[in-house]
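Keeping their order, the protein sequence lines are chains A and B.
Under this note's numbering, residues 1 to 121 are what the first sequence spells out, in order.
Under this note's numbering, residues 1 to 508 are what the second sequence spells out, in order.
Derived from the structure by calculation, the hints contain no laboratory data.
By construction, the Cβ of each residue, glycine as well, lies at the ideal position given by its N, Cα and C atoms.
Keep in mind that the hints are not guaranteed to be accurate.
[Said to hold, decoys possible] No farther apart than 25 Å at their CA atoms in a straight line, the calculated lysine-lysine pairs in the PhoX-like style are these:
| hint | chain 1 | residue 1 | chain 2 | residue 2 |
| --- | --- | --- | --- | --- |
| 1 | A | Lys-72 | A | Lys-92 |
| 2 | A | Lys-22 | A | Lys-7 |
| 3 | A | Lys-93 | B | Lys-404 |
| 4 | B | Lys-359 | A | Lys-92 |
[As the list claims (entries may be wrong)] Quick list of the computed label-pair ranges, beta carbon to beta carbon:
| hint | chain 1 | residue 1 | chain 2 | residue 2 | range |
| --- | --- | --- | --- | --- | --- |
| 5 | A | Glu-97 | B | Arg-447 | 31 to 37 Å |
| 6 | B | Asp-278 | A | Lys-42 | 37 to 43 Å |
| 7 | A | Arg-119 | B | Asp-389 | 18 to 24 Å |
| 8 | B | Leu-156 | A | Glu-97 | 49 to 55 Å |
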Amino acid sequence: MTKTAKKILIIDDDTAILEALKICMEECGYKVETLSKVKNPKNILDGSIPDLILLDLRISGSDGGQIAKVLKKDGKTKNIPIIMISAHPSGKKAAIEAGVDHFVEKPFELNYLLDKIERLI
Amino acid sequence: MKNNPIYKSILDKYKNHSGSLFPQTITLYHNKFSQLLESSFLFRYIFTFVITVIMVLLKYLFLPPFETPYLLVLSAVIVSSLYAGLAAGLFSTLLTAILVNYLFFPPQYEIKINNWTILHTVLYVSEGVIISFLVETERTLRKKIYAQAQHFQVTLASIGDAVVLTDVKGNVTFMNKVAEYLTGWANNDAIGIKLESVFNIINEKTGKKAQNPVKKAILKNKIVGLENHTVLVKKNGNQITIDDSAAPICDPGGHLIGAVLIFRDITQRRQLEQRKDDFVSIVSHELKTPITSVKLFIQLLKRKSVKKGEGEYSAILDKVDHELNKLAKLISDFLDLSRLQVGKLSYKRESVSLDGLIKDTIADLQQIYNTHDIVLDGSINKKLYADRDRIKQVLINLISNAVKYSKNGHKNKIIVELTKDKDWATVKVKDFGMGIPKDEQNKIFDRFYQVNTKKSKTYPGLGLGLYISSQIIKGHQGKIWVKSEVNKGSVFQFSIPFDKNNRRLNFD
Chain A
1 MTKTAKKILI
11 IDDDTAILEA
21 LKICMEECGY
31 KVETLSKVKN
41 PKNILDGSIP
51 DLILLDLRIS
61 GSDGGQIAKV
71 LKKDGKTKNI
81 PIIMISAHPS
91 GKKAAIEAGV
101 DHFVEKPFEL
111 NYLLDKIERL
121 I
Chain B
1 MKNNPIYKSI
11 LDKYKNHSGS
21 LFPQTITLYH
31 NKFSQLLESS
41 FLFRYIFTFV
51 ITVIMVLLKY
61 LFLPPFETPY
71 LLVLSAVIVS
81 SLYAGLAAGL
91 FSTLLTAILV
101 NYLFFPPQYE
111 IKINNWTILH
121 TVLYVSEGVI
131 ISFLVETERT
141 LRKKIYAQAQ
151 HFQVTLASIG
161 DAVVLTDVKG
171 NVTFMNKVAE
181 YLTGWANNDA
191 IGIKLESVFN
201 IINEKTGKKA
211 QNPVKKAILK
221 NKIVGLENHT
231 VLVKKNGNQI
241 TIDDSAAPIC
251 DPGGHLIGAV
261 LIFRDITQRR
271 QLEQRKDDFV
281 SIVSHELKTP
291 ITSVKLFIQL
301 LKRKSVKKGE
311 GEYSAILDKV
321 DHELNKLAKL
331 ISDFLDLSRL
341 QVGKLSYKRE
351 SVSLDGLIKD
361 TIADLQQIYN
371 THDIVLDGSI
381 NKKLYADRDR
391 IKQVLINLIS
401 NAVKYSKNGH
411 KNKIIVELTK
421 DKDWATVKVK
431 DFGMGIPKDE
441 QNKIFDRFYQ
451 VNTKKSKTYP
461 GLGLGLYISS
471 QIIKGHQGKI
481 WVKSEVNKGS
491 VFQFSIPFDK
501 NNRRLNFD
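Next up, chain A with everything else stripped away, as it sits in the complex:
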């Protein structure tokens, strides 16, 4: 394995999904950080830059699309690949508008997600 502990930031307000994704990603050799609430999109990263962000479209207290837009505008963060995840059928449209790198509809196959992550990292 060539993965030298790449870091993935997972943002989802559903703690079960957050936990499941964390275990899955760690199992696959990634370093994982999680966030279940976002108050200010600008302060998400707190200095440490992840290699990829898994972002839920609907997060309580904020909007995934908005977060993605902020990150993609900022020169420091615009190159971080973002995969947007949503159970909402209209999520793809919002994802495209936000300028994210990929959209995955819930529920999804773990292998499918891993494949997309590997391609983007």
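Given chain A, put chain B in place with the hints provided.
Positioned in the frame of chain A, the structure of chain B alone reads:
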């Protein structure tokens, strides 16, 4: 009926509106005088008496030019019987006979009973009686016709939906109260005006003028329904969502004499549908979230069990995962169904390579359905203007069905064939499975329909997949159909026009 809540709400709605929705009495002549004649016994006889006396006096004045006095007084009988009925006619006959004979008689008819005067009187009374009866018969008939006509008018006016009648040119000839209320036009102002001015309809989404259904009904001489999402702009500019139909009116000889338009306010219904759609959307989102985490945990367990070499668990976990996928599919179908019902299934059309899309879909499905060999045949190398995800959904539906119905000993091959002609791209999904009986073939695209054979009971599902697929293809101005033979297999085909402007091409 009056306790019916719908009826009540209509009454409540229109109670402040001028005029009565339900006229109480039916009379032959529309004035107070004739109403008094109809209702008062005493008045009828006073009227008869006065008329008779006037005529007799007139006769007295104009006697010289007339040979017989009876000609003029007979008119008193006619007027009396016409306005006050049979009894009044007979009363007038008797009265005139007496008056003529005993009061104003000229010398040649003096009160000397002779054969001559008796004959005259008998003749006169007979004439009076016959005329009274004839007039009464005519009167009864007219009353009946009038009552019928009025009953029809009242019924038309009382219909809980808006009713507008037009002539052949499309000018308004009648509006009922509900139509007055909904359009904001008074019947008297609307009569003679072009329907388009009174019934100003636009498309809810585009805001453009909608096609006038009456025009279409008159031109085509058949019943026409309104397009979905039609909004009526009232006289004051307010808008309401309506549903309607227009039909031509023909006389008994079959000649077109006008059209009838019926419409109703469905704003409330639309709001309810919207709320239901929002609810279904939220529910499906909420249901998918736990499925997502359970699926992740299952797949995690599977990875771990494979690592540890516990293959037996891996097979079980695959089954759990498969069931979860089915559950997710059901939820998606429900959501699509709900959207289709409110006409909200929207299409994000873009330039799509059908070749690539089918290739990808087959690759995805081949992983899931490892029991079957899914083969692509042909290519079109021409871009299509379509919703990529929705067309993929149709492909997944058709291929999954093909696999599902060709298990258990049938040839395990699925052929996806791609062809084109000048205007259309056509996809065929061919299986060698159990097939569909002839009489079931046209029903399988219906909502909730499932092929009703004993065998198919082993294949559960809601029967939504083909319905949703057919709606998606229709949404692309395309066509979907099936050819099938029992125990030989089925070919599901759909065609989508290349035309970017969504114009429906003449398919046949």
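Hints versus structure:
In summary, the hint linking A:Lys-72 to A:Lys-92 is supported, as the alpha carbons are separated by about 17 Å, within the 25 Å threshold. About 11 Å separates the Cα atoms of A:Lys-22 and A:Lys-7, which keeps this hinted pair within 25 Å; it holds. Of the pairs offered as hints, the one joining A:Lys-93 and B:Lys-404 is violated, with about 32 Å between alpha carbons and a cut-off of 25 Å exceeded. Restraint check for B:Lys-359 and A:Lys-92: satisfied, since their Cα atoms lie roughly 21 Å apart, inside the 25 Å limit.
Checked against the hint of 31 to 37 Å, the C-beta distance between A:Glu-97 and B:Arg-447 comes to roughly 33 Å, which is consistent with it. Range check, B:Asp-278 to A:Lys-42: Cβ separation about 32 Å, and the 37 to 43 Å hint is violated. Distance hint check for A:Arg-119 and B:Asp-389: the Cβ-Cβ separation is about 20 Å, which falls inside the suggested range of 18 to 24 Å. A hinted range of 49 to 55 Å holds for the C-beta pair B:Leu-156 and A:Glu-97, which are about 53 Å apart.
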